[in-house]
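A.B. asks: Put chain B on the given structure of chain A with help from the hints.
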Amino acid sequence: MSAIQQAAVLGDGTRAVKGLDVRECELFLQHEARLLDEGKFNDWLALFTADARYWVPSEPDQANPLDTVSLIYDDRQLLETRVRRLASPRIYSQEPRSRTSRIVANVSIEEDADNASTTLVRSKFVLIEFRRNEQRLFGGTYFHQLIVSSGALRIASKRVDLVNCDGPMDGIVVPF
Amino acid sequence: MRHEVHENVVSLVKPGSVHRRLYDDPEIFDLELERIFGSAWIYVGHESQVRNPGDYFCTQVGGKPVVVVRGPDGALHVLHNQCAHRGAMVVALNKGRTDEFQCCYHGWTYHLDGRLKAVPLQHGYPPGFDTKSRSMAMLHVARVSSYRGFIFVNQSVKGPALEEWLGYMTTSLDDMVDRAPDGKIEVAGGVFKHTYNGNWKLYLENLCDAAHPWFTHRSSIDAALQQSDDVFTDGAGEIAMRQMRQNGAPYSFWESQVGIWTYPNGHSFLGDYHDDKKLIAALNDPIFRDYIDAMEKKKGKDETKRIMEVRRWNSNVYPNLSFMSQFQQLRVIQPIAVNRTLVCTYSFKLSGAPERMFHNTIRFANVVNGTGSLVLTDDLEIYNRISLGISSEGAEWLQIGRGYESDVPDEHGGRRGKNSTSEIYIRNMFDAWLGYMGVVGAQPLRARVESVPA
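Chains as they are written, first to last, in my numbering: chain A, 1 to 176; chain B, 1001 to 1454.
Worth double-checking, as some hints may not be accurate.
[Said to hold, decoys possible] Here chain A is said to cover these stretches of chain B; the calculated rule only asks that three of the stretch's residues, wherever they fall, bring their Cβ under 8 Å from a Cβ of chain A: (1) 1213-1225; (2) 1228-1239.
[As the list claims (entries may be wrong)] According to the in silico footprint, chain B covers these stretches of chain A (three or more CB under 8 Å from chain B): (3) 59-71; (4) 85-91.
Keep in mind the hints are simulated off the structure, nothing from the lab. Predicted, not measured: the structure shown is a model, and the values here were computed from it. Quick reminder that beta carbons are idealized off the backbone N, C-alpha and C, glycines included.
Bound-form chain A, shown alone (with noise of 0.2 Å):
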């Protein structure tokens, strides 16, 4: 019985379970990136909790979103604005639509103990993005902390560590 399976007969709510395999991470990444090469964001915005936080930090190590600035920071209230303009037709930064092709690799669970109330799933990702004229080449680090909630996993939080975050760049739309 996976863990997911588990906590869905437990019927307990909203409540890490330990024992999360990495396969079962490893296809929730995956299909988290699909949802956003599809452009169907407001799918992924339902992947994360109620109390979620988005982070993509602007310098290798930082060490928190709150005293450095970030390339992005949003808390539930601002990462639902941002998919609500992400659907609107006035969003001229959007306008052609950027494609996007994203790799999620190397997954691995960094910590799992019994006593934290989420996992900590580590993986390496390469996204491709290509809007008018150009093609942008990203790539990584995705620290997800997974929650079980409801029988499914949830995002509590991510964070995205670009290789190149600290580095001249174009505005940022879709999200990594």
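C.D. replies: Relative to the frame of chain A, chain B by itself:
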């Protein structure tokens, strides 16, 4: 061809309109670097970035790499980042602390004031080879001057001193510093480096443009207006919502409550934008109350009131600086190519203010100046679209005439628009542009390379 550009460049600006070539002609761009960035005061950084002897950082002045360094005696030096031997860039890291600069090619070593310190293998050079010669050094940029900690350089020995050149804009820089209870500010919280495919002038032309938010930022305005305030926020969303919703103020607001002031040398500021009930200066925010208490304790009630009533949005110091004194934000515009620009944005920490107030500064920076901001990304799109648009065979002359009959003199030697939707600040920048680029007041062309007698 170059001669032709030189002769005709002043004809590309008319009252109320400018020729599109000003934004996409590489020869005009080269002339701008030479004449504007070569003779205006260019902001390079803040003294808090080089607080101690040996502290240095690298930046660019009109596309040229320079290093800003604090000498052992506390003196500030701005050096061209080039070895006198074979021309290699000497300092390769963006910032750091050092006792000396050493070239990685043959080990030539320099004092922090640029003088040559040591040269390996000194024998075997021609008789005239003199390591004490002034030209055998990391050369100084012609002039360096600071105003209240803000460091500017000038590549020309001619022209007005910094303070005279800044004129009334010193009051905006004062406002940056005056808001610190202890009277000191420091660069903190990292830097955004955003780029776009467009001319450097477009950035400053947009920053005091009060007529665009309602339209350009419609997607983030609508998204923020529809956002529930009942969902989880740790403060980041709350500050972002206030700012994005404020962008949705109708034209009547911009035409009745916001002003635009312009001054000689191309400078300007947009004022009276936010009141205390909005943004990070929210009176009902306990952190802001603590801040006001700290201010009143250090400066007294009257002076605190005076400072809080200086309500400026963007202050633009032509040609490469724009800052928001109310919100501790500062942007440096760096031209890379005629259609490519880099903007570095910094935050400042107010000494003596509550630590948590700086968290709000960072949240504000993310929404207003962030590379992934829901607002700024649409501005970047506008710059890109102007570049694409003017490459067409459409209208040759672009309009900057809005409000031109209603400009009025300002008591401090400038002129102000009737209200913030006036394009007076763009016309004012082109007045300065003409002064730098045209025959009158222009600096001479750089000396041509002459053939050296054998």
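A.B. asks: If a hint holds in the structure, say so; if it doesn't, say that too.
C.D. replies: Evaluated hints:
1. 1213-1225: holds (count 7)
2. 1228-1239: holds (count 10)
3. 59-71: Holds, because 9 residues of the segment 59-71 of chain A bring their Cβ atoms closer than 8 Å to Cβ atoms of chain B.
4. 85-91: Coverage by chain B holds for the segment 85-91 of chain A (4 residues, Cβ < 8 Å).
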